[in-house]
Amino acid sequence: MSKDLYATALQSTLTEIQKICPDIKYSFIFTEDGTIITEDGEADPLMEETVHSFQRLAEKAVAIGGLDALSIDGDHGKLRVSRVNNLYLVVKASPHADTTYLYSVTNVIVPTVLKLLEKISPTPLKLMPSQQLVVDTLTGFFAGDNVQIDENHLKEWSQHLDGEDVDEVEIETVDGKKTRVGVKEISDKKRQGKGLILIPEKACRELEAKKGELVKVKPITS
Amino acid sequence: MSSRSELEEIPSENELEEKTENLHVSLKNIKAMEGVIGYILRNSKSASVDIKDPSKIIDYAILSSTVLDSGQCMTDAFELGRVNNIVLEGGNIKVLSLTIGDNRISVFMNKKVDHNAIFKDLRLK
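Line by line, the protein sequences give chains P and Y.
Residue 3 is where the first sequence starts when you use the numbering used here, and the numbers rise one by one after that.
Residue 7 is where the second sequence starts when you use the numbering used here, and the numbers rise one by one after that.
In short, the hints are calculated from the structure, not lab data.
Nothing here was measured: the structure is a model prediction, and the numbers come from that model.
Pairs of lysine-lysine, DSS-like flavour, derived with a Cα cap of 30 Å: (1) P:LYS62 <-> Y:LYS51; (2) P:LYS27 <-> Y:LYS126; (3) Y:LYS118 <-> P:LYS27; (4) P:LYS196 <-> P:LYS212; (5) P:LYS191 <-> P:LYS220; (6) P:LYS27 <-> Y:LYS117; (7) P:LYS218 <-> P:LYS192; (8) Y:LYS62 <-> P:LYS62.
Build out the structure end to end from the sequences listed, making use of the hints.
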């Protein structure tokens, strides 16, 4: 079973749970390393903000033996982030929802689906981590059409792909503009290890990405 | 139409001090309960910390502040309205955090303690 199908199965589970529990207004799952699991691989800003806040909290929660769950009870709704195996499940419910019932449903169904998925496919859930890199421009006659990033990112992705090389990446700007482009490791030693992505000027113009801006980069897998 | 906050009377300084004093008394009683590890109460004028293990004070103070700040970020993002309480559950300890007026409170306890009872007790003050 591919990782995409794994994500689809989990996403479908959440959708079905939402159907039987209309008090659930929003839900999603993310992994311990902060990777958000969605059917189409696209995370909305709300998901990213939640994961960021939760990770900040998880760092400090070492003082109480790690972080198992977070519940926020507000006048207009309730939010719970709970650990399910090595995943975190985020559920937003209406203010008067019977949370004991809701959380028992989600915390029974999701682990059951995970167990089932593990039986069907023993491959653990490992989603391709995207990288946030700082744009620098690639100029000169030999700049070519490929972007350049640090070798360690390419190696990390390759490990996730069981040794398969990564030759193409998708770049997404903060404005949501995307492009697919070939990738190589940074050849200029002075610019290595700085979290940069060197983008040829032409591609920079197309993306409307400026030097110093952050972009999200993820590998394209065949 | 007047909003809820406009309709609420602004408490005088004496009333605020009295409220904080009541919270202190409540928290001292709560601290004496079985399974409660301690508490942190902070407002714009003072802070009081009573944690059984003094070596944990700084870690707990940082955690308390992060819970309330991160909780507020998530509350805003998910449009949860006014926060009643935030509960953070760790491996063996949980934290109940809430804001009452100017006072930011975190109560640390073992996971078996009924945090809802503590929350109700504090809200009544």
